[in-house]
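Participant: Sequence:
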Amino acid sequence: MKNLQILLDYLFILLGCASLAFGIVMFLAPSQVPAGGPPGLAILGNYALGVSPGIILFLVNAPLVLAGYRFLGNKLFIRSLIVVTLTALFTDSLPVLFELPDLGDNRLLNALYGGVLVGLGIGLMFKSGSSSGGWSILARLIANKMNLSLGQCLFFMDAAVILLSAVVFQDFEAAMLGGVAVFVTGRMVDLIVSGSSDIKVVHISCWKADRLKPIIEQQMGISGSVVKATSMKSGGEKEILFLIIEKTQLVPIRKLVEKHDPEAYLVVMNAMEVYGTGARV
1 MKNLQILLDY LFILLGCASL AFGIVMFLAP SQVPAGGPPG LAILGNYALG
51 VSPGIILFLV NAPLVLAGYR FLGNKLFIRS LIVVTLTALF TDSLPVLFEL
101 PDLGDNRLLN ALYGGVLVGL GIGLMFKSGS SSGGWSILAR LIANKMNLSL
151 GQCLFFMDAA VILLSAVVFQ DFEAAMLGGV AVFVTGRMVD LIVSGSSDIK
201 VVHISCWKAD RLKPIIEQQM GISGSVVKAT SMKSGGEKEI LFLIIEKTQL
251 VPIRKLVEKH DPEAYLVVMN AMEVYGTGAR V
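Residue numbers (UniProt numbering): 1 to 281.
Hints are computed from structural coordinates only; laboratory data are not their basis. A portion of the hints provided could be inaccurate.
Claimed, not checked - Computed beta-carbon distance windows for the label pairs: (1) 146 / 167: 21 to 27 Å; (2) 14 / 59: 18 to 24 Å; (3) 163 / 51: 17 to 23 Å.
What the hints assert, rightly or not - Straight-line Cα separation of at most 30 Å, DSS-like style, residue types lysine-lysine; simulated pairs: (4) 238 / 213; (5) 200 / 233; (6) 238 / 228; (7) 75 / 145; (8) 238 / 255; (9) 228 / 255; (10) 228 / 200; (11) 213 / 255; (12) 247 / 259; (13) 247 / 200; (14) 255 / 208; (15) 75 / 127; (16) 259 / 228; (17) 255 / 233; (18) 228 / 247; (19) 208 / 259; (20) 213 / 233; (21) 259 / 213.
The beta carbon of each residue, even a glycine, is placed where N, CA and C say it ideally should be.
Generate the whole structure from the sequences, applying the supplied hints.
Facilitator: Shown next as structure tokens:
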């Protein structure tokens, strides 16, 4: 089983590197639409300096991965080096090995589909237990120095690449389309890594849990857990029903609670993933 998981991890790495490379060479680079991070720098460097995007990807990512060894650990470090090398090789070899089709000059569509492929690639890399390169390592180093969150730092770094594209391409539309590509990439990574948000977590804080529990179970077929709580305002004993439901069940549950316990309140959150056979019992 362990060997099978390792094999699947490296298959995800291979597919992820190929998807990221396809996104760059088929959609983004031909339309002069930048991505965020090293792929964006590769597209800009190829246009401004004539250096192949694969070489730029390797020159940007490899030193950052080496510099970030202490953050990564042995396993993630080795897999990240493999990702950096394969992505660079795929990016430069695909146009040579295959006659890539002309996909038209609609830059918005190229930004959308390029973002999807790049995001798919990065998501598969994350699924395999690897990183997508050294960009996040650089962001972590800068964040530690400047007292920023990692998310804020990544946002500013990607924004800088996008704004730089307006100067390099002499085209502000390129920067706007780059923003679209970065957004789509991020959403695609979230979808691959965390799944969809069709599952909801509902907390029902109520005084009449004994009345609500059988109604929800009988009418909705939903079970869950009960947590004892104390009201901060009155000090009285309350109960919190903890439920995991499909999003289509949210409105019926809300109506049941409003009808049978108007003083209760609901807190609804997205559950990106649910593991375990007992998650809904």
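Participant: Take the hints in turn and mark each one as holding or not.
Facilitator: Here is what the structure says about each hint:
1. 146 / 167: 21 to 27 Å: Check passed, 24 Å falls within 21 to 27 Å.
2. 14 / 59: 18 to 24 Å: Once the Cβ atoms are compared, 22 Å apart, the range 18 to 24 Å for residue 59 and residue 14 holds.
3. 163 / 51: 17 to 23 Å: holds (21 Å)
4. 238 / 213: holds (14 Å)
5. 200 / 233: holds (28 Å)
6. 238 / 228: holds (6 Å)
7. 75 / 145: Roughly 26 Å separates the two Cα atoms, so the pair holds.
8. 238 / 255: Within the cut-off at roughly 20 Å; holds.
9. 228 / 255: holds (23 Å)
10. 228 / 200: With Cα atoms ~21 Å apart, residue 228 and residue 200 stay inside 30 Å; holds.
11. 213 / 255: Distance of about 14 Å is within 30 Å: holds.
12. 247 / 259: It holds: about 20 Å lies between the C-alpha atoms, which stays within 30 Å.
13. 247 / 200: Holds, because 6 Å separates the two Cα atoms, which is no more than 30 Å.
14. 255 / 208: holds (15 Å)
15. 75 / 127: holds (14 Å)
16. 259 / 228: holds (22 Å)
17. 255 / 233: holds (26 Å)
18. 228 / 247: Holds, at roughly 25 Å.
19. 208 / 259: Holds, at roughly 12 Å.
20. 213 / 233: holds (24 Å)
21. 259 / 213: holds (13 Å)
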